[in-house]
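Trainee: Basically my numbering = 1-based index in the sequence shown + 4.
To be clear, the hints were calculated from the coordinates, so they are not data collected in a lab. Think of the CB as a built atom: it goes at the ideal place given N, C-alpha and C, for glycine as much as any other residue. What you were told as hints is all true, and nothing was included just to trick you.
Simulated pairs of lysine-lysine, DSS-like, Cα-Cα distance not exceeding 25 Å: (1) Lys145 to Lys51; (2) Lys116 to Lys95; (3) Lys112 to Lys308; (4) Lys273 to Lys317; (5) Lys41 to Lys145.
FRET-style restraints, in silico, Cβ to Cβ: (6) Glu252 to Pro59: 18 to 28 Å; (7) Arg48 to Gln318: 44 to 54 Å; (8) Gln318 to Leu115: 20 to 30 Å.
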Amino acid sequence: MRKIAIIGSGSWGVALAIHLAGCGNEVKIWSFDEEEKRLINEERICKFLPDVVIPNNITCSNNFEEVIKDSEFILHVTPSKFTRATFKQYKQYVENRPVIICSKGLEKESLKTLDEVISEELPGTRLGVLSGPSHAEEVSKAIPTVLVIASKDEEILSIVQDTFMCEKMRVYTSKDVKGVELGGALKNIIAFCAGVAVELGLGDNTFAALLTRGLNELSRLGVELGGEKETFYGLSGLGDLIVTCSSEHSRNRKAGRLICQGKSLEEVKKEVGMVIESIDNIEVAYELSKMHNIEMPIVETVYKLIYENLDPKQGVKSLMTRDKKSE
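Construct the entire structure; sequences and hints are all you get.
Mentor: Now the structure itself:
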């Protein structure tokens, strides 16, 4: 039994807490929201996961020190755009504890990965990245799931693998922190595009082409940013891409559908009701592609769809009529 701190009370943070509690661990969740704390502690529910009951070995607090002080490691599970601001508030309590990044995204303002953000705020932090094909709705119901933990620290790999693994979850290890993190962040963009394709009524041929060529684009950028190409064809790249593009659980895919229906970004955010990582990630990936001179036609097209009012059907036409290429 381990004591584990989770920073973030959204669907993924609570789903991870439920899984870890089911493995016999004591889990404390930090939430910024007083009502979410009350729901977890008193009613044993999470508003984002209405079909599950929260076990008694999970508690929630609005106090960082209370959540972290006795823990063996910290899972950071806030939306990427809040990572720096949130980490600033609790970094004084980290000490030598490993921080495992479970969020999937990039910092829009700096174009940095989240491990870079945390290392910048607290140099020397022992870091890991947990990623892979995993909907919170399914993890919270103990549906078999396979993840990957990446770290340069062998002890972190061992602790996380031992703590998370059971008959309902299998965890692989990797040393490629950058690749695992970028695979999880960048796939959200293609999931958004998948929503557009679904809403346009395009078929299986189109869907397969989108995933294949989308993965090719993401891996090109990911390798340029320091990831290993093989990583993008594993759990955090191809695996996560498949699950988030093909499922109705995916908020990024839903956002693509809503945009294609002609709704504004603000209307989409209100209807989805949770942070949509793909919206910010599309802008970041577009800027990085230009900065590093990486050809990313799918990313460029969806960027124009969101920020330059490109018609979705015209976007598909422009992709299909590009100059001839070899694969």
